[in-house]
Structures are given as structure tokens and as C-alpha cells.
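Novice: Here is what each chain is made of, one letter per residue.
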Amino acid sequence: MSVQLDRRSEIRADARAAYARMVEIRLFEEQVNELFAAGLVHGTTHLCQGQEALDVALAAVLRDDDVVAATYRGHGIALALGMTPASVLAEIMGRSTGCTGGVGGSMHLADMSIGLLPTSAIIGAGLPIATGAALAFQTRGEDRVAVAVFGDGASNIGAFHESLNMAAVWRLPVLFLCDNNVYGEYSRIDRTTAVLDLSRRAAGYDIPGESFDGMDVDTARTAIAAAVDRARNGGGPSLLEARTYRFAGHSRADKALYRPEGELEEYRKRDPIAVRRSALLAQGVSEGELAAIDARVADDIAAVVATVSADPLPDLAAMFANIWTEPAAAAR
Amino acid sequence: MSVQLDRRSEIRADARAAYARMVEIRLFEEQVNELFAAGLVHGTTHLCQGQEALDVALAAVLRDDDVVAATYRGHGIALALGMTPASVLAEIMGRSTGCTGGVGGSMHLADMSIGLLPTSAIIGAGLPIATGAALAFQTRGEDRVAVAVFGDGASNIGAFHESLNMAAVWRLPVLFLCDNNVYGEYSRIDRTTAVLDLSRRAAGYDIPGESFDGMDVDTARTAIAAAVDRARNGGGPSLLEARTYRFAGHSRADKALYRPEGELEEYRKRDPIAVRRSALLAQGVSEGELAAIDARVADDIAAVVATVSADPLPDLAAMFANIWTEPAAAAR
Amino acid sequence: MPTMRVNQAIATALADEMRADASVMVFGEDIAEAEGPFKTSEGLLAEFGPLRVRDTPISEMAFTGAAVGAATLGMRPVIEIMFVEFLGVALDELVTEAAKFRYLSNGALSVPMVVRASVGSGLGFGCQHSQTLENWVSATPGLTVVTISDAQSAYGLMRAAIRDPDPVIVLEPRTLYARRGEVTTGEAGILPLRRARTVRPGADITVVAMGQTVGIALDAVAACDVDAEVIDLATLSPWDRSTVLTSVHRTGRLIVVEEAPLTGGWGAQVVATAASEAFSALTAAPFRITTPDVPVPYAKHLEARFVPTVEDVARQLRTYLDTGAVPQPWWVLEGVSA
Amino acid sequence: MPTMRVNQAIATALADEMRADASVMVFGEDIAEAEGPFKTSEGLLAEFGPLRVRDTPISEMAFTGAAVGAATLGMRPVIEIMFVEFLGVALDELVTEAAKFRYLSNGALSVPMVVRASVGSGLGFGCQHSQTLENWVSATPGLTVVTISDAQSAYGLMRAAIRDPDPVIVLEPRTLYARRGEVTTGEAGILPLRRARTVRPGADITVVAMGQTVGIALDAVAACDVDAEVIDLATLSPWDRSTVLTSVHRTGRLIVVEEAPLTGGWGAQVVATAASEAFSALTAAPFRITTPDVPVPYAKHLEARFVPTVEDVARQLRTYLDTGAVPQPWWVLEGVSA
Ligand SMILES: Cc1ncc(C[n+]2csc(CCOP(=O)(O)OP(=O)(O)O)c2C)c(N)n1
Ligand SMILES: Cc1ncc(C[n+]2csc(CCOP(=O)(O)OP(=O)(O)O)c2C)c(N)n1
Ligand SMILES: [Mg+2]
Ligand SMILES: [Mg+2]
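Protein chains in written order, with my numbering: chain V, 1 to 332; chain G, 333 to 664; chain L, 665 to 1002; chain Z, 1003 to 1340.
The reader is advised that the hints may include incorrect statements.
Not everything, but these chain G residues come out facing chain Z in the computed CB check (under 7 Å) [what the hints assert, rightly or not]: (1) 436; (2) 460; (3) 465; (4) 471; (5) 490; (6) 554; (7) 557; (8) 599.
Quick caveat, the hints were computed from the structure, so don't treat them as lab data.
Even for Gly, the Cβ is constructed at its ideal location relative to N, Cα and C.
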């Protein structure tokens, strides 16, 4: 088993490990934010604080051979699925050790060994791609499942509609998982979207639809497991809406001043990490144990930053590689 | 008033005229079919026998300053809105007297004097365009209405979803009128579409949706009038599904052999023209009067074929005209 | 050698690859039960069944994207975009996703998908169903753009496209579907991608064409009785610079015959490359014979003038060989347009 | 003359046209309340209100098509496609609808819409947010394709685009938004569409550039101390052949500097046209300096080499002037790629 799949196994079996992963994602994102703020990274990045529970729940449910098509807001899902913080950070920092070798950047993470298709920076693009992965599984008679993770804003784009209809008609093993974090860029969902219960849209395709609290990892896990099992057992696609919140701005530079006063604070009360912490404490895990996890993760992230910062940059040839496979490349 | 708008007025006020228009559309389509079969016209054409009631109902409801974005299956709607058979036929036959001067062809009819936007041959393209027309009306504070007419198959394309959502969010005066004629090309709706009551999709946008018998002109008129009034009075968009049937094949060469046995015959019992005829007879219109209408329309169509066949062909310069407006053309 | 129509050659190529490789599947609108609007998938559903041969909803974005996903997960999907215009609602999945997946996976992923799309004018389908639009796809590193020109190239390039590990779009000029030609089938009939085909060797002038215009160029050359070398570019991107440049170096003269507009048409890069890299070999100005900058008109006699005609290509060829000067396009000569 | 950033010049142009003409309206994603991701619509919502300045859902097909409909019904919509790649889900409405409506209405309809789209590399946005993609739109009769190159052209071409009776797409190189320049506002600041701008007159060589590469070409020329004529093509389609050809006839030498790939890039038609129509005036091979045929890489030092650099353009200019031979692209010279 690879390091990545080991990391995945952990969070399935062990509630502490799942908590630790959520903390890892949180601290990772905060670290990335600092690196950008300090001008150490160029380009842009989209952070996922507030959405950690969903990513970890999904990763915990999926089998190693299932696949996920996610988005530019993908650090959390990559880490949850098992990608190492070093691999993600190196990609963000444009190092040759990054998961795409540094040519992709923050918006483009990929590692098929953990089932992560290249995350797309085009809204909606992943839904047909996950549908196609499910098509491959169905055609070959495999009981694997594909998942498309996308935002509330993406539920308004054509690819959403086409994918759900086609997947429904073909009864494909795919889960459409909408991470409704209330905003699409700087627009609150109610300003762009005709229905607020996004799972209602499932009715237009005669497939199951459900909305749930995406900030509670157990709730999320239960809802996702049901839909994934249904898909795996020939029950076809589902539309799930996870209710989360984007604690950060849309991207690097965004201070999110457009949020109504008090909204962030309201949602912070449901901070998935705090929620999880309380639940574990209630289950008898000690405060000290949790503090130790927090500290260990923090140390790990700090160490990763140090290592990755010293990682090599890709050489110029890297920008010419991996465009065509070799015969084609040679023919040129 | 123009000839075209006079033709429109007729069908609003007079049930016999509405009947006559339906017969005109039917005979026109049969004539076009023959011309193609005889090899007198090149290219392709998409006929609308079975759908006449809907076209006439829509035209009867709309005000002269409302607009319609329709499709390549557009002869019926063009005639219903008031375009003359000569203008439509000349276009189909590539004559300079055609509504676009012969450069468009059967799939591309347009006449803004009757509110007919250029019909599009790209599935779904008309929905955003009608939405945009409604946007213009709303922005200027006009109480005009835009209508998108499209097929059952088109309800599966992305533009459908995006348009309905955006129109709903902006509460635009637009009617989305789906002419469900049971087939999209050679595919029966149930093989491509996850729901069969297409008006159910309205729920995904929180707008009114209704399905109705589109082969009865009165029923259609009532349903359309309600939706158009709503739009005109600030009530926003609606999704209507008219249940019709495509008596002909998809296009010129299609014999429609894929239809289940007996299906056509079943639908023929609801032939909109026969239905209308019975209704008029029941209202006391005499058989003789109706026969006279039928005969007059047949004569008119025959005369139109004779005239148009002698109409001039566009000269070569026509293919270079109307691409850019003059200053731009000159600058080239 | 059997003769077959181009659409049969395509269906045969698909069937042969499907027999050879269980991962090949096809989907698109009305391609299964109806066997394709242009009968390019005749017999496939019957032989390979509904899992591998599927009718899709009218959802180009969904099924193009599905091909990306299925290809990434080990299938070799071949999808049909009935008219290339319909890519206008789905281009993202091909250009911005499929063509980038290898790059975005450090070489770990292949996307061996094929998009087949019918293109071009000549059948009276009007301005929204008659464009060629290779410009939409041809500046895309990672995507191979192929155009067929006869039954053999349909068969041979289609099989090669399916076997290619990266995304390929095969453009099929619609007027060719009904045209017959001899076809070598089997492995021997497979043609290499990214190689131009010299369809007529010659010494006096190089004529580059693609798709529909290959036959037109050949006929014009025959009509002129000139020793022209006619090259079918076959793959537009990445194109076979060396075959073209070698020929131009030998002949010193170059004409490109295109079904593409003067402004933005594909032939410009052939002429530009020759001008840059074979400048001193050129004995006269290289030039393009293109369609005019107009939407494809419907009326038959107008549409007949849209693609360069044999007569017009022959006229230009003759003028060029006689005078060394670049001839005027017909619309200038006949005074119908500046 | 005030100086302003390019994004301010755009917002100013929009505001000036909105003041002058009540039919002008703007919509797009986050352009109203947030005033645009690149602040190109600053102040518009406040001044013109929510009917004329609207945030859309993430629905490029719907709002591009809505612009077609609104324009046809008498508005002058200006829409923002945040990154040009997003046209990949909406291209149909622009190319296959908007650009054909005049033709399909016997000249009765105008579609005076403007699509603004940010383009290009340089800000670390990766390969799905850094392309220029003018090839998607530039072979479209009926559609005018414009690229801005500085604050003045942003202001002047934007106003002209809005006033134009036909559809226009204005491509805005993203790296320029923050760049300052002097801007003549008002009627005097409006620049004509479909005209190239000679940004530096010169006698020895013609250098054609567009967008980001205009500044690069100017800097390279300055670094070389050569009397080059630098032409900003400004409108790519239909392009100003006469300004370019007149210059080439005078200088006898031509280089095009592009932010576009070697294969399929826009400069090919400039070189091809010069080769055809100014063949005898050319004293050396015309050539293109392009981006390599690669997706735009993310890592900063790689992306920095993607667009031709000032140093590299200067090197090629010098080699060319010294030797008359076409220089190698850097990736060949440095041995990083064939
Ligand atoms: C087709 C397309 N349109 C617009 C964008 C620009 N864009 C990037 S992220 C984003 C907001 C997406 O919102 P949502 O789907 O809710 O996802 P979130 O960012 O909240 O995770 C937008 C509009 C894009 N990337 N692709
Ligand atoms: C984007 C796009 N995809 C596919 C087609 C090909 N096509 C033309 S008509 C048609 C069927 C449309 O069915 P429906 O919407 O039910 O309309 P109908 O023909 O029954 O009136 C198809 C698939 C097209 N024109 N545009
Ligand atoms: Mg969101
Ligand atoms: Mg139908």
C-alpha cells in the first residue's frame, strides 16, 4: 500500500485520525494563506476552511478504487483522499515534487493512485467527467463509483443539468455532491440561484436528492455512504447537497466584505472542527489527546513547509513534457 | 398594418381563420414535403404536421410587439405569426424573395415585423436569446413578452437549465414553451430524458410549470395566455409543456420507422385539425363552410408554389451582403 | 480491395477497432439504434450491444465530458458530434480538459478519446450546419486534429485515432460520406497520424489541401495538365511540416486550397511556415485559395461557389504558373465583393 | 491627459458610453456589486443601478445568449467573460448565433453586443485560465475581434466596440489591467475598430504585435536600437491588411510577435498575407516569434518563458537584422525541445 492509501485507511477506521485530518486541512489552508500573503507564491488559490468535514467524510466512505472529480478548491479533498501535504504544497509552490510536477498549481491537483482526477478550474467541467468515469465502470461491469464534487454556484451551469439527466437515463454509478458553501465567488447563493434547497433539483431527473449538514462529519458520512452504496449497487445517481460555509474569501485576495454582518460568526459556531472536537470529547477522548493531535499536525505542517521550500524547481524541459505521449511527441 | 400583422389579427379574432391557418400550415408542410421528394429543393427541412394547434394558439395569444425565438422546425410558427406562405416557401426554395433573401433556407426564418427572431438550428440556442429579449423589455420597462419555443429533446441541453434559472432569478417576462412531440430526431423521449412530465423541471427553478394538450388549440390558447399574462404582469417566467406529436419524420429523408407500431395511428386520432374541425362543427359551423376553407387554402398554396417557383434567385452578391453593417464592410 | 463509401469506411474502422479492443465504445446522438444520421455506425449496436454503443440525450457537454472521464478510466470512447457546430456548447471539455489531462497529471494520465465531427458545406444545410471550424480546435497543444479526405483515409486515420493514446478529433467532410473509394482494410490499411499524404507526386508546384479540397485540388491539377505535387495535410495539428517543406524546397512554389475562410483559415500557417523556412527556395509568391469571408449561404447556386471550385482552382493555378503572380480570388475578379 | 490603469480605462469607457446611451447595459459574473473580479466595472452599479448593471449566475451560455437577445431587441449589452476559457461553454451563441443574425434576417437585424474577455498568461493562473484563444473566434465573418494593448486602446477601442452595430469581442490581456497609461477620454479618445495602430514608426523592419506583446515588441526594439516600425494589430478580425502591407512594402522585412502558439497562432495569416501580397518587396524571410506549443505552465519561472520575452525578441531581432536568416526559437536554441 502506498503512503497515500495508508493515509486514506486511517481516517476510515479511526475517529481520531479523521479529526486529525480535518485539523491538517485547516492548518494547511492557513499556512497556504500565509505563504500567499507573504508573497512567496504567485497565482491564486482557493481555500476550504469550513468545508473540512465534507472532504474527510467523502474520503472515509469511498473505496480505494473509486474516483473523484473535484474543483480548484481542492486542497482539502486531495489531503482527505490521502495526498500528502508535501505533494499538495509543492504543487502550490511550483516545485518539481508537486503532484503535477509544478506545472499545474493550486487549482490543479491530481493523483490517480488515490482516485483523484485532475481538479478543474472550469465551473461544471467535472460533472460530465465523473459521469464518464461511471460510464466506464458500468460498461466494464465494475462496482466502482465516481463522485463529482462541485459548488452551489456550479449548480447553475449547463453541465450540471446535462450530466444529471444523462447519468439518470443510463443509471450510472455516480454521486453528484454539491458543496453548498453559500457563496459562488462574491455572490450569495440567493442572488444567483432560483431555489435554495439545491437537492430539489434532483426531481427534474427523477433521482434521489438530499440536503444535509456538511459541517458535521458523521452526518455527512451517513448521507454520502447511502448514496455511494446505492450507486455501487445499481441504484443509479444521486444528488446530495452538503450545507457548509466558506470561512475564507473566494480566493487569495478576497476579504469577503460582501458578507452580511454576523453571518460568518453565526457559521463559526458550527465550525466543523469544533463540532468534531466536542463530539470526541463527549465520547470520552481527552482534551489532552486532542491537544496533542493539534500540536502534532501543526508540527508536521511546519516541517512540510520547511522541506518543500527547499524542493527543486522544475527545469525548463518540464513545460514541454507530458503534452503528447512519446510517439506523437517524436513525430512532431 | 402589414399583410403579416393582418394575418395575425385574423386568427386572434376569428375561430374560422384560426382553423384556416392550421390547414394552411398542414398543406404547406405537405407541399414542402413533395417539393423535396421531387428533388426540387436541396438541403433539409423539418416539418411540423401534428403541431399546428400549438403554433396557432401561441400566435393568437401574443401581442404584435411580443417576440418569439423558435427552431429549425419553424414553418408553422412563422406562418402562424403571419409570415406569408410565399415568403416562407421562397426562403425554402432559396429565392431572393424569401424572408432572408434565400441565404438562410428552411431552418432559418426571420421577420422581426412579426416578432420572429431568426430561428436557430442549434438545439437550445433560442432559450438564452428569448431570455435576453425579455431582459431588454424588463430593463426598458416595457410590458412585452418573449417566448422560446423548443422541443422535448432540447429540454436536456445545458442552455435550458441556465436560461430557466437566470430568467427565474431576474423574474423576466419570458415563456419557455416546450413542444413535446415525443421525439428528438429518431429517439423517443423516454430513451433520453429522465422525466417524462417535462413541466416537472419547473420546480428546479421555483417557477410555474404546466403540461397540457398541445393538439387542441383552445386548451393550448388558455394555457399559453395564462403564462403570457403572468409574464406581462411581472410574474416572471413559466415553463409550459405542450403535448403534441410529430406526424412526419424528423427531417426530409426520415421515414420514422423507429416508431412503435400503432403509435402514429393512435396520435392521428387526436389530429389537431380534425379536433378543431369537430369543435367547429359542434359550434354550428357547417361542413360546407369548412370544406370551402380547405379548398381555398389548397388553392392558395398551389398558387404560391407556382409564383415562388418563378421567383428570381439571389445574385452572387447576396452571399456577401448583410454580414457587416456598411461602415465595417467598407473598412475591410 | 473492396470499394466502399466513406461512411461505410468509418463504420468498418469503428467495428474493426471494437473487435480488436474491448475498451473501444461509441456514443452520441442517434448513433446506436438509428446507426447514425450519416450511417457512420451501421451495424455497431447489433454487433457490440447497448453497453458499448449508446444513444445519448442531446447533451454535447455531458457526453463529450463523459468521453474524457471514460477515457481517463481506461476506455477508448469514440463520440460523434453530429455537426461540428455543436462543439460550440461543449468545447471546454475537449480543449480545456481532455487536452490538458496528461500535463496536469505529470504524465500519469492518458485520454485516448476520439471526437468525430462532420464538417463542411455542400449539402444545403445552411450557415449553422456547414462550417468547418477547425480553428476552434487547432491551436491546442495535446489535441490532434485530423481531417479525412477519402474512404481510405477515413478508414486508416480513424483506426489510428482510436489507437492513439491522446485525444484526437477527426473532422469528416459531410459531402464525402456518400463517395466511394477503394479501401485496404486491416492493419495494412491503417494510416499514421501526424503525417501528410502525398496523393500525387509532382515537380513543378506544391498544392496543399485537406478534406473536401483534396479531391478538388486533384481535379484542378488534372484539368491543368501540370506536374503538381498534391499533398493532403490529413493532420492539421500538429501538422507535418517536413513533408510540406521538403516538397516546397523542391518545387519552389506553393498553393494551399482550403475550405476555410480567408480570414483565420488554416492554410495561413502552411504559407507562413513556407515563407519563413523555405524563403530562398520560393521562386514565386506562395498563396491561399480559400472560401470567402461569408457565412455559408443556403441557396444552391450560391453555396456551389463557397468552396473553391475545380474550375476556379484550375484558373488560379494556370494564372500563377503562367505569370508567377498571385491571382485574384473569384469574388474580386467577378466584382461581387471587395 | 489623465493617467489611469487599464482596468480603470475600461470602467471609464463603459461609464462614458452608459452615460451617452441609455441602451448600454452590462452584465456578467460578479461585475455589479463586486465591480468585477478585475475591477473593470468600478462605479457602474452605483451610477447606473441594478437594471442596467447585473450580476449573473454562473451561466455563460445563458448570459451570452441573453446578450444576443437583448442586443437584437435594441439594447447594447456588454458582457464579461471573466476568463476567455469560459467561452468554451458558450461559444455557440457568439459564433453561430450573434455573428449570423444580420445574414439570417436579410440585413434587418443588428446585434450590437460586446463580449469582454480577459486573456493571457503571466499571473500564475495555470493552464485553464491563461490561454488567449483568439483562434476560437477569429475565423468568424460578422464578428469583430479586438485586443487591447494599453490604457488608451482599452478606452478607445471599448467605446468603439460598444458603438459598433455588430457583435464585437474585446480581448483584454490580464497582465495589463494594473498597468498605467495616459488616456485621452471623450470623443477624441475613441479609436477606430478594424484599424491597426502604428505605435512606433520606423523604416528598417515591420514588427506586428497584439495585446501583451505590443509592449514587449516596443521594449525589444528599444533594446536593439533599430529603426523598426511597430504595429499593434488591435483588431484581429477583420484585420487591417493595408496598414501592415504598406509597412512591409516599405521595410521589406516582417516579424510577428505573438502570445499564441506556433501551431495555429494568429500571426500566421499576417506572415502568409505578406508572403503572398508583398513577396517581391520582401528582402528576407518573414517570421513569427510565438509561444511554444505547450499548455501554459504554472511554476513562475516556467510561465515567465511562455510569452516571448523582451530579451528573446531582441535576440531574434538582432540575429535577423545581422544575418537575414530566421532565428531559432529559444526552446530549440536552448535544447529543451525539438
Ligand atoms: C465556466 C466558468 N465560469 C466562471 C468561472 C469563474 N469562477 C471560478 S470559481 C467561481 C465560483 C464558483 O462557485 P461555487 O460553484 O459555489 O464553488 P466554490 O468556489 O464556492 O467552491 C466562479 C464563478 C469558472 N471558473 N468557470
Ligand atoms: C446542439 C445541437 N445538438 C444536436 C443537434 C441535432 N439535432 C437537430 S434536431 C434534433 C432533435 C431535437 O429534438 P427536439 O428538441 O425534441 O425538437 P424537435 O425536432 O422534435 O422539434 C437534434 C438532436 C443540434 N441541432 N444542435
Ligand atoms: Mg460555493
Ligand atoms: Mg421533439
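Novice: Is the hint on residue 436/G kept, meaning its closest Cβ partner in chain Z is under 7 Å away?
Specialist: holds (5 Å)
Novice: Quick check on the hint: residue 554/G CB to chain Z CB, less than 7 Å?
Specialist: violated (27 Å)
Novice: Was the hint right that residue 557/G lines chain Z, CB cutoff 7 Å?
Specialist: violated (22 Å)
Novice: Report holds or violated for the interface hint on residue 599/G, using the least CB-CB distance to chain Z and a cut-off of 7 Å.
Specialist: Where the cut-off is 7 Å and the nearest Cβ of chain Z is about 32 Å from residue 599/G, the hint is violated.
Novice: Quick check on the hint: residue 490/G CB to chain Z CB, less than 7 Å?
Specialist: Constraint on residue 490/G satisfied, holds at 6 Å.
Novice: Does residue 460/G pass the interface check with chain Z, least Cβ-Cβ distance below 7 Å?
Specialist: Holds, about 2 Å.
Novice: Does residue 465/G hold up as a contact with chain Z if the rule is Cβ-Cβ below 7 Å?
Specialist: holds (4 Å)
Novice: With a cut-off of 7 Å, does the beta carbon of residue 471/G approach a beta carbon of chain Z closely enough for the hint to hold?
Specialist: Since the shortest Cβ distance to chain Z is 5 Å, the answer is holds.
When the structure is compared with the earlier hints, violations turn up for hints 6, 7 and 8 and for no others.
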